[in-house]
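*Asks:* Sequence:
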Amino acid sequence: MARDKGKYQLVDNPDSSFFEIDEQEDEHSLNTSGINAIKNSFPSSSVHSGTSIFQNSLKRKRRLFFAFGAIFGISLLSLLFLRFGLKPDNSDPDNQTDNVPPPTVEDSSDRLSDEKAGDDGKPRLSIEDMRSGQFYPQTTYIGFIEPPVTKSPSQSTDEGLYYIVENQSIKARKAGDPTFEKILTSSTNFTYDSKSFNIYEFIPAYDLDYAIIVTDLEAEWRHSSYSYYWIYSLEQDIIIPLKVSENGELVKVSFGSWSPNYNYISYVYNNNVYIKKILDLSESQVTSDGSDLVFNGKPDWVYEEEVLGSDRALWWAPDEANLIFLRLDDSAVPQYNLDYYVNDGDIREYPQSKKLLYPKPGFQNPQASLYSYNLQSDIKELINRDDSQLKNDFIVYDAFFLNPSEFIVKETDRESKILNYRKFNPQTRATSVFYEIKANETYNGWIEKSITPLIINKDGINGFVDILVVDGFNHLVWFPGTEIENPTTLTSGKWEVSNNKIVFNRDLNEVLFFANKYSSIDKHLFAVNLDSKIIEDKITESSSSSYYSGQFSFDGKFIVLNYEGPGIPNSNLLEIESGNVIKSLSNSKILEAALNTYSTPEKRYHRVEVGEIDGDQLEVNVIESLPPYFDPTKKYPLLVHYYAGPGSQVVFSKFSIGFEDVISSALEAVILYVEPRGTGGQGWKYRSWAKDKIGYWEPRDITSVAKKWINEDNSYIDSSKTAIWGWSYGGWTTLDTLQYDAGETFRYGMAVAPVTNWLFYDSIYTERYMGLPEYNQEGYKNSQITNYDNLKKVERFLVMHGTADDNVHAQNTYWLLDHFDLKEVTNYDVKIFPDNDHSIRYHNANKIVYDKLFNWLKDAFSGEFLNLTLKK
1 MARDKGKYQL VDNPDSSFFE IDEQEDEHSL NTSGINAIKN SFPSSSVHSG TSIFQNSLKR
61 KRRLFFAFGA IFGISLLSLL FLRFGLKPDN SDPDNQTDNV PPPTVEDSSD RLSDEKAGDD
121 GKPRLSIEDM RSGQFYPQTT YIGFIEPPVT KSPSQSTDEG LYYIVENQSI KARKAGDPTF
181 EKILTSSTNF TYDSKSFNIY EFIPAYDLDY AIIVTDLEAE WRHSSYSYYW IYSLEQDIII
241 PLKVSENGEL VKVSFGSWSP NYNYISYVYN NNVYIKKILD LSESQVTSDG SDLVFNGKPD
301 WVYEEEVLGS DRALWWAPDE ANLIFLRLDD SAVPQYNLDY YVNDGDIREY PQSKKLLYPK
361 PGFQNPQASL YSYNLQSDIK ELINRDDSQL KNDFIVYDAF FLNPSEFIVK ETDRESKILN
421 YRKFNPQTRA TSVFYEIKAN ETYNGWIEKS ITPLIINKDG INGFVDILVV DGFNHLVWFP
481 GTEIENPTTL TSGKWEVSNN KIVFNRDLNE VLFFANKYSS IDKHLFAVNL DSKIIEDKIT
541 ESSSSSYYSG QFSFDGKFIV LNYEGPGIPN SNLLEIESGN VIKSLSNSKI LEAALNTYST
601 PEKRYHRVEV GEIDGDQLEV NVIESLPPYF DPTKKYPLLV HYYAGPGSQV VFSKFSIGFE
661 DVISSALEAV ILYVEPRGTG GQGWKYRSWA KDKIGYWEPR DITSVAKKWI NEDNSYIDSS
721 KTAIWGWSYG GWTTLDTLQY DAGETFRYGM AVAPVTNWLF YDSIYTERYM GLPEYNQEGY
781 KNSQITNYDN LKKVERFLVM HGTADDNVHA QNTYWLLDHF DLKEVTNYDV KIFPDNDHSI
841 RYHNANKIVY DKLFNWLKDA FSGEFLNLTL KK
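Numbering of the sequence shown is given in full-length UniProt numbering, commencing with residue 1 and proceeding in unit increments.
The hints are simulated quantities; they were obtained by calculation from the structure and are not laboratory data.
Just so it is clear, CB atoms sit at the ideal spot from N, CA and C, and this is done for glycine as well.
Possibly wrong hints are sitting among the right ones.
[Claimed, not checked] With beta-carbon atoms standing in for the labels, derived distance ranges:
1) 607 with 537: 21 to 27 Å
2) 388 with 334: 40 to 46 Å
3) 403 with 347: 56 to 62 Å
4) 489 with 387: 26 to 32 Å
5) 280 with 237: 17 to 23 Å
6) 863 with 196: 21 to 27 Å
7) 583 with 352: 23 to 29 Å
[What the hints assert, rightly or not] The calculated SDA-like cross-link candidates involving lysine to any residue, where the alpha carbons are at most 20 Å apart (straight line), are:
8) 792 with 842
9) 831 with 338
10) 380 with 348
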């Protein structure tokens with residue numbers, strides 16, 4: 001249940017405090033013998049020079065992705081109203097307001113139009129205004145290039161090598177040397193065998209002698225895809241395919257990636273692992289048992305979605321002597337059929353069906369195993385786990401090489417309650433567990449995906465920094481090796497370290513990290529000294545509420561620092577220690593012009609009491625959005641929005657203008673964004689409310705917050721025009737809240753791609769919070785949408801779903817509709833999107849889904865559904 005793949009929504013209202021609600025080496029020398037050998041094996045027309053760039057969204061280390069016509073900015077329509085998945089991005093769990101002034105009562109029914117003009121003549125926001133893209137800042141993305149692992153330059157030689165897209169060219173530059181520039185490619189396409197190819201992804205090696213090029217990407221699931229991969233020799237300006245069939249045809253592979261020292265490319269084809277040596281382009285096939293049921297070096301659906309958050313599952317030793325890969329056997333995993341009814345071309349008389357290996361709670365999970373492959377001996381061996389107490393259905397959450405002789409695996413039991421740190425020696429094959437965490441006992445929580453630990457060489461010995469729970473909050477701890485009883489705590493307090501990549505500055509002996517130290521909705525940059533444990537602020541403004549993110553150079557000397565709000569966002573390349581700006585990467589002129597042109601809502605942050613915990617007030621984060629020209633003596637409709645998934649967080653001090661702002665502006669509504677109990681950013685006492693009973697506290701907190709606005713003396717909320725809405729986990733929360741509230745607080749609701757029965761969702765996500773169904777029958781039963789009598793008391797609600805949703809299957813909605821028929825529930829509308837997945841974007845569906853939400857809510861607030869009820 002992950003959300004969008006880390007795309008930015010960087011957007012602010014200069015006239016108000018404005019917040020956003022959202023939903024990873026020997027140096028090899030240049031040798032062209034292999035390139036020439038392959039070049040000579042093809043006809044002269046088959047290999048041509050040149051490359052192509054047309055997207056610039058930075059995704060992973062050493063990577064640039066390219067999209068049509070965009071060197072600056074963000075893909076506009078695709079980002080405007082994207083709602084992905086039931087949980088935030090595995091790479092950043094943070095993703096996912098004091099007193100309400102008492103107004104007087106006045107009817108607002110005559111003000112419910114979506115007219116464009118405001119009281120001062122400025123037009124109000126419309127959906128089309130949002131789709132124009134003018135509320136997004138233009139940003140140039142750059143990618144730092146990491147040095148070979150065995151080379152490991154010291155801080156003094158961290159020159160901040162990066163690459164950037166400028167004037168249709170990819171250029172390499174150095175943050176520490178303004179005179180350095182090398183054009184890596186200046187063209188926008190290349191030809192092979194008389195066919196033209198546009199570059200989707202460009203991955204240069206550190207020496208800028210080779211690059212991996214990706215074209216013709218064909219998406220599979222959220223992170224996985226199939227593409228043509230190419231090897232580009234920059235010095236010879238020659239491109240050759242990474243993989244061809246026996247008859248010379250191009251074939252797509254799952255991924256291709258550099259080894260730590262850029263001497264090899266490892267890739268997966270047909271679920272088998274391959275290694276290609278750059279020196280002579282010789283190739284080794286590591287596995288041969290890959291199939292539709294066996295995955296080598298890449299995750300299956302549930303591991304990709306819920307565990308690794310990635311399309312790859314292999315790890316190189318720093319000396320490149322060994323490669324370890326994950327093998328997943330899905331032979332016993334039940335299959336779910338995704339049916340496709342629409343054909344882009346000719347009419348298809350019969351639907352097509354795609355089998356999806358998808359384990360559900362209580363059913364068989366993929367069987368995981370790890371294999372170590374030695375490049376010199378060409379031998380692979382199973383990593384033994386005979387000493388494990390986690391049983392055979394254990395989960396591999398992460399893995400990394402601490403040094404050439406120590407490979408570390410973070411593995412848990414099936415229900416993600418116990419975490420073991422296992423070490424393995426590829427030379428001796430010795431393996432043992434050296435540290436264990438019992439989440440149930442220590443902080444009444446669960447284990448979930450965290451950052452990949454940071455390796456630090458201290459006094460000639462490699463240790464690592466990880467994020468663990470310290471006194472109920474996520475903090476940094478230091479493992480000075482694997483022969484220890486307990487790690488050293490580096491940070492502590494009633495705040496949390498963010499799940500972003502951390503880096504070590506060798507010269508200053510500091511670990512750099514982002515955290516919400518000053519407020520659970522903020523994020524700033526900090527440094528902690530590895531010896532003294534002293535924490536200090538680093539370059540980010542902390543005197544007022546603000547939110548930052550960033551991308552570090554390999555040794556923490558430079559950073560691409562993104563200020564994301566609440567003011568107008570900006571992005572700069574800086575030297576961290578001095579704070580000097582090396583290069584501005586953003587342009588906000590279009591955004592500033594739009595904010596000066598349109599009337600936009602004002603947002604206020606609140607902390608709202610909903611109960612007590614250990615004698616202390618229990619408060620939830622709320623952001624209130626007030627419509628333009630707000631008058632507290634009038635009455636306004638109310639829309640409440642949330643995501644609400646365990647550990648997620650969507651209320652931040654970021655700048656954003658999104659769909660709810662259109663509702664606020666065009667329909668003159670008050671919006672509340674609520675972060676109920678069980679969500680993240682406020683420690684495990686707050687988060688663990690979700691344990692074993694998701695669906696219990698979410699509707700109670702959401703309803704409690706809304707009532708404080710509705711029932712206050714002189715409230716400015718029209719209690720007859722109240723609605724809630726959410727997507728995915730938020731869609732389920734909508735239905736769950738409606739069945740809990742029974743129309744008393746909320747008259748209307750909109751649920752998109754909702755879960756309706758947690759027995760239908762995937763095993764790893766659901767069991768992480770709810771346990772196995774056989775041990776928590778009451779929790780699973782109570783979380784189902786089954787209170788049909790209460791749903792009948794709601795004025796009206798809307799349900800929408802895509803038929804090809806691989807994440808939250810349409811089975812959820814069909815099961816619900818069947819029970820509606822049996823129980824004679826009729827006060828709802830439904831919209832089905834053929835062949836659409838969880839994002840609902842296929843065949844113009846993204847436009848339609850938001851148009852439907854807007855117009856349906858407009859009808860609700862204008863009384864159309866009341867008239868419909870009267871007609872019955």
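*Asks:* Of the hints stated earlier, which fail here?
*Replies:* 2, 6, 7, 8, 10
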